[in-house]
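For the sequence shown, this note's numbering assigns the number 1084 to the last residue and increments by one with no breaks.
These are computed hints drawn from the structure, not numbers from a lab.
Don't take each hint at face value.
[Said to hold, decoys possible] In silico BS3-like pairs for lysine-lysine, Cα to Cα no more than 30 Å straight-line:
1. K891 <-> K822
2. K891 <-> K971
3. K387 <-> K610
4. K910 <-> K971
5. K680 <-> K584
6. K723 <-> K690
7. K610 <-> K922
8. K723 <-> K584
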Amino acid sequence: MNLASTLHAKFLQSGDRNYVDESILLSRQCLNLAPSPSPSRFIPLNHLATNLLERFTMSGEQKDLDEAIIFGQEAITLVLPSHPHRVEALTHLSSALRARFEALGQYADLEDATAYLREVLNLTPGPTHRLYAITLHNLSNALTRRFQHSNNIEDLEEAIDLRREALTCSSGSPAERPDALSHLAHTLHIRFQRLGNRDNLDEAILLHKEALSLSSTQHPHYFIFVNLLGATLLSRAERFGKLLREEEAFHDMDEIISLLREAIVICPYSKQLVPLRSNLANALILKFQDYSGDLDDWEEGFYILKQLTDDAMLMARPSLSILSENLGNALLQRRKNYQSIANLVVGVNNFAKKYQIDVELTKKLSRLRLDLTEVASQYPSISSIAENLGTKAMVRRPDHEFEQMDDAMAAFEVAASSNSSSIISRFRAAVTWSQHAAASNHKSALNAYRTAINFVPMLASLGHDLLKRQEVLTQTGYNELVRDAAICAIGSGKYDTAIELLEAGRAVIWMQMLQLRTPMDHLRAVSPTLETRLAEISAELERGSHRAVDQNIHGNQEKMVSEKEASYFIRLNKQWVETIAEIRQLDGLEDFLEPRKLTLLQAAASKGPVILLIAGTSESDALIMTSNSVLHLKLPNINTHTARKMTLALREGVHQGARSNASPTPEGESSTSRYGHKFGHQNAESPIGNILKALWETVVEPIVRKLDLVKSESSLTIRWCPTGIFSFLPFHAAGVYRSDMSSVDSISEYAISSYTPTIGALLRHPRTTPSNTFKMLVAIESKSLPYTVHELNKIEMRVASECLVKLGVPGSTASIKTVLSHLSSVSIAHFACHAQQDSANPLDSALILEQEDLKISQIMQQPMPNASLAFLCACETAMGDENLPDENLHLGATLLYSGFRTVIATMWAINDEDGPTVSDTFYAELFQHDPACPDMTQTARAIHVATAKLRSQSVSFNRWVPFIHIGD
């Protein structure tokens, strides 16, 4: 090993590859002599990992990088944290993992690299140690890249904190200060680009200027400092130039241009000249556009960009320096190289627009499109640059030039298709593509929407815990995306595509859960090995979905452990995706776990039509799916705005009703809701009555007429599938009512109403008949809700006593542990208790039993092989999340997707007094033939009859309307 070390030292001095090749050969020989496993292997393993990484930096051979990671990972398993060379091994391993992330885009590599860097920081004695500032810098780089990949702002905030600490720690020498200043400034600039905070931009400019003032032209990074300062000043001019006084704005522009011109004259490095010249061209064009109007400025900028464009492909080749610790700067250079292409396009566009000059832009764009397509699979930054190119190409369209439009859309498609780019970058590009294509009625619009929607479950991947998936979905704004996709398909007359897009893009979390629990009988028959592998991965991913992730981790050690766990599940998700792809290669399983096509979805309408409601910005649409057709109905008198107003008015109406008079209970107390409110009477002219009338006139009555329905006692069942804002409105109660609650005309006279969060929720695989006898769980909260005792008494009159499991009664506690232990064995679960919707974290919404919270997240983890019906006689059990209405994150949907085929739930607070009445009528319908064998096909009719009976007592709207049927 001594000779190998000597050769490595000679390589570092001379850069001669022969030395590193021979060092690797000798290290392999030493490794072969060391037994496995043994601590004696650590030194040759560490040498091999280091040398292979350096050779990869020279040659770009992927095999060298992969081997460096394998050897590095083995090396660190052989030594304790106290080993003097563990820090060095971890540092090299993290560099190799980051290099592979840049080369292949495997997110788990970045997670692992970050975790290893945290361990390095943890093992470094403190701020006075020479490695401390370097590790802070490396960890900040990794966190910045992770932010750029995942869009998690917490990573960027931590990166900035680490940069500030690196700037102040005593281990950093004065010679290192300019780099530290520049790194902090660059990270602040990134934060400005994300959040638009001008203070960040102004601070970045001051820091860049200080870094430059401390450096001579001989500093190795001097010209990088100049370029970064120029780019930051340019950002301020672009964003805030028009807000500055005229003399200040001109001063900024002149400062940028002067700075860059001087640097270009004296810069001896060809690679650093490229971004300098590109930024100079950008500045000249911006000056022409917004300040001087001097054609000479534009022509000079155009000329520079034209020269750069001729060599764009050559310049876009990623420098091997991206594998060094100066990763951020190298990436910036490469990004600017691509940016020159986009800026050439915008320059030509604006010049032609200003002077009405016919420029051969179509030809130029066509050539650039080919160039972009060629490199799209190799370079991560191509996605954002191709997206920018498409955006710039949209600027000049005075005559709607179709060829130019095609080129712009093609650039967006390239951006969305770049496998080497991050999923978030590709998703954003696809969204931009869909928006432009739809606005221009371009033929690619539906393909763009489909592409964007396909990225949503990848963003909220199974590798994340449930809370993280919820956060990701909230950030993407995908609800509007799916709605717009459906509206676009409807506008094209492709109703089947509209339904398929709605089905693929909604209830993402629940669809993922069903995928993990999907029956695999067919797969087992074809490939038992793949079935076993997928079942094991799925079970582990489901466990990971429910893992507790502390959102307030501050210590480096805790973050390291958390990131290693996250990396494990990200890798597991990758294995799951790869296994699914392998399964789809088998005959007969080509569509395994693929979103269903319309021909399969229509089976859900075998018992009655499924009606999808889509709110648009100007009008709305209804798609009526039957077992053999899809009907479309335009709803011109309701839109997103009016539906939102209805939702707000409905909540206010419910709140007003809950404040009014109360009726006495048998104990002489005031009757309250199972949320704590008191209820009173409302008439037909109340806010709720007006909303039900409006829903009847604008939505439901037109659908009744479209289906040619007539009033009937033996009504068919309609399944409402509302999307977006429509999810919060009671279409099942739409109608015109008299003051005594009798109906003038309402949907209940024509049909029985049921809801479904998605069509797929109705297409459950048939269950095997349980071997045990029928069991029904009834859990009540009698201490604060006295009528729940009467509710249980009513149920006991309808159901055979040997079938009942009663909790919350003397001698039988309704603790969370006890309830969960019974859920897996019962067919019917009835809850009469308080409930609460958590708007901040819907997964923490809960049923409240004996002052304990039975949360959504806990229910989701329970296997329920016998589950058939859940009756949630509690408040707000079907009230979803306003930020994610299409995810249906409420208690009712949780039980539906956890295994129950049918759920009775409530849209808002209910009256404690009404629980016994509704439950008695409901179970009388189900158990009318046999108290030990309910007729589960009659659940929708049963709640229909039960609420009709309650309404016949002339109670207010907010007492009978909230009860709804969900599912089959």
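A quick look at each hint next to the structure:
1. K891 <-> K822: Roughly 42 Å separates the two Cα atoms, so the pair is violated.
2. K891 <-> K971: holds, 23 Å
3. K387 <-> K610: violated, 51 Å
4. K910 <-> K971: Holds - the C-alpha atoms of K971 and K910 are around 27 Å apart, at most 30 Å.
5. K680 <-> K584: Answer holds: K680 to K584 is near 16 Å, not above 30 Å.
6. K723 <-> K690: Outside the cut-off at roughly 39 Å; violated.
7. K610 <-> K922: violated, 52 Å
8. K723 <-> K584: Violated, at about 37 Å.
In summary, the structure is inconsistent with hints 1, 3, 6, 7 and 8 from the numbered list given earlier, while agreeing with the others.
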